[in-house]
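Student: Chains as they are written, first to last, in our numbering: chain A, 1 to 113; chain B, 1 to 371.
It is worth saying that the hints were derived from the structure and are not from the lab. One or more hints might be untrue.
[What the hints assert, rightly or not] Pair ranges (Cβ atoms, derived):
| hint | chain 1 | residue 1 | chain 2 | residue 2 | range |
| --- | --- | --- | --- | --- | --- |
| 1 | A | GLN54 | B | ILE28 | 35 to 45 Å |
| 2 | A | THR32 | B | GLU204 | 17 to 27 Å |
| 3 | B | GLY35 | A | SER11 | 38 to 48 Å |
| 4 | B | ILE28 | A | THR27 | 14 to 24 Å |
| 5 | A | TYR78 | B | ASP132 | 35 to 45 Å |
[To be verified] Pairs of lysine-lysine residues, derived as DSSO-like cross-links and limited to a Cα-Cα distance of at most 27 Å, are as follows:
| hint | chain 1 | residue 1 | chain 2 | residue 2 |
| --- | --- | --- | --- | --- |
| 6 | A | LYS30 | A | LYS70 |
| 7 | A | LYS26 | B | LYS103 |
| 8 | B | LYS72 | B | LYS131 |
| 9 | A | LYS30 | B | LYS103 |
| 10 | A | LYS26 | B | LYS12 |
| 11 | B | LYS103 | B | LYS131 |
| 12 | B | LYS131 | B | LYS198 |
| 13 | B | LYS72 | A | LYS26 |
| 14 | A | LYS70 | A | LYS26 |
| 15 | B | LYS72 | A | LYS30 |
| 16 | B | LYS12 | B | LYS103 |
| 17 | B | LYS198 | A | LYS30 |
| 18 | A | LYS70 | B | LYS103 |
The beta-carbon is built from N, C-alpha and C at its ideal position, and this holds for glycine as well.
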Amino acid sequence: MTGPNSGERESPTYRHIRVVLPAHLKTLAKVTGEVRLEVPEPVTQHAVLTAVEQRYPMLLGTIRDRYTFKRRAFIRFYACEMDLSNEPPDAPLPEPVVAGAEPYIVLGAMAGG
Amino acid sequence: MTGVRVLVGTRKGAFTLTSDGARRDWAIEGPHFAGWQVYHMAGSPADPNRIYAAPSTDWSGQIIQRSDDGGKTWTTVSNDFAYATPTTDHLWYDGTPRPWEFKRIWHLEPSRTDPDTVYAGGEDAALYITKDGGQTWTELTALREHPSGSTWQPGAGGLCLHTIILDAADPNRIYVAISAAGAFRSDDGGASWLPINKGLRSGEIPDQDAETGHCVHRIAQHPSRPETLYMQKHWDVMRTDDAGGQWREVSGNLPTDFGFPIAVHAHEPETIYVVPITSDLMHFPPEGQLRVYRSRTGGDEWEPLTSGLPQSHCYVNILRDAMAVDTLDDCGIYFGTTGGQVYCSPDGGDTWTAIARDLPAVLSVEVQTLP
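Please build the complete structure, drawing on both the sequences and the hints.
Tutor: Printed below as a string of structure tokens:
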């Protein structure tokens, strides 16, 4: 699958990625349900989150630090029933996420009494 | 003047309450930003349709929202509150060094003349300004870089810059207050700052005459007396008549001089209001009786105002940004409680009515007097 610059020799290949945002960020981004984004390969957490922030700039700083990209303490990243929160941000995401079979999930950490 | 719009920030969203000049019947809209804690909302004095709000959550940090239609619709503007110069350390609660770290915005203060210009007070203490309606924020670094900055220590709520007063007479003069660093004044638009804490006495610090380190809870000014400021400190109600050069205590006959907000009547610069709270440990009114105290003499002599307020089993708190006045001919006084009530007195404090109940804990109350 290719993106808008697919005619150029060195253009990256894009993959359709499904992303689930937490409810309060869906409201902020004015979206419902999953969002679907084109993300260049290699599909990593960093690449997905960058695509999220480019499409929805109002989310800048709400998931990770806008300069250091450090995950906010009370945000978690899940996919394929795994907690990827502390995985290297540049590690490839699981193939089901890259293939669009599974979503990449951003959610608020459990908190409360 | 045809009416008022009350902007209420709560622990789980924001609400707008509107009424005509009689202030008997109220329309409540909200929650806006449901689930977000809204430390403050403020309307532009130059354009009442322009409102700014500062929602935040522990999960997703700070965002800033702007309305150009009186709160009907909102747009996300920038939340980039970067420290503009390298940060050093301040002191933590235990007295050890702690790196400066942005946590949230406590207070928004729109310009008196330009709807696009707003000052924002942050935690850890810093002052920001936008001149483009919130699209970009710039730190006024001289405050954080004040030589005393490395000795600033947080109050119980954090190292927060919670009060910003844009002087009514001098556009270059700004007052700010930081818990628990104290009060500061700039006479050059924020390029340099002078601690203005002489006369404050704080038992929580070893040196009673320290230039900084005082836990100032709130400062209020009347536009017609810009040199006079009133302060609710951690303990003590204080007054200065020389723009902070020297403070004197005016707690007088208050049942306790601990509290958070302080406000000045819109048309009587010597009439001021506080809400005494039992102590720094017991954040509720003495004897479970919610009483606003009014002084018509600029302090020292106080009278309790109780009509319409609960006089038994009331254990709410009134936070520092949760009291405001309108500018109608019969000045209205408003405050919100951590129990979710918003009270209004349309007659300068003589009688009170709950105009909202059962909201989330109220963090801030501001009033716009509508043309």
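Student: Determine for every hint whether it applies to the structure shown.
Tutor: Status of each hint after checking the structure:
1. GLN54/A to ILE28/B: 35 to 45 Å: At 38 Å between Cβs, range holds.
2. THR32/A to GLU204/B: 17 to 27 Å: violated, 50 Å
3. GLY35/B to SER11/A: 38 to 48 Å: About 41 Å separates the Cβ atoms of GLY35/B and SER11/A, which means 38 to 48 Å holds.
4. ILE28/B to THR27/A: 14 to 24 Å: At 20 Å between Cβs, range holds.
5. TYR78/A to ASP132/B: 35 to 45 Å: Check passed, 38 Å falls within 35 to 45 Å.
6. LYS30/A to LYS70/A: The given pair, whose Cα atoms are some 24 Å apart, holds under the 27 Å limit.
7. LYS26/A to LYS103/B: With a Cα-Cα distance of about 22 Å, the restraint between LYS26/A and LYS103/B holds, given a limit of 27 Å.
8. LYS72/B to LYS131/B: holds, 23 Å
9. LYS30/A to LYS103/B: Satisfied, since the Cα-Cα distance of roughly 25 Å is no more than 27 Å.
10. LYS26/A to LYS12/B: holds, 17 Å
11. LYS103/B to LYS131/B: holds, 22 Å
12. LYS131/B to LYS198/B: Judged against 27 Å, a Cα distance of about 33 Å means the pair is violated.
13. LYS72/B to LYS26/A: holds, 19 Å
14. LYS70/A to LYS26/A: holds, 21 Å
15. LYS72/B to LYS30/A: Since the Cα atoms of LYS72/B and LYS30/A sit roughly 16 Å apart, the hinted pair holds (cutoff 27 Å).
16. LYS12/B to LYS103/B: Holds. LYS12/B to LYS103/B sits at ~18 Å (cutoff 27 Å).
17. LYS198/B to LYS30/A: Distance of about 50 Å is beyond 27 Å: violated.
18. LYS70/A to LYS103/B: holds, 15 Å
Of the numbered hints given earlier, the model fails hints 2, 12 and 17; all others are met.
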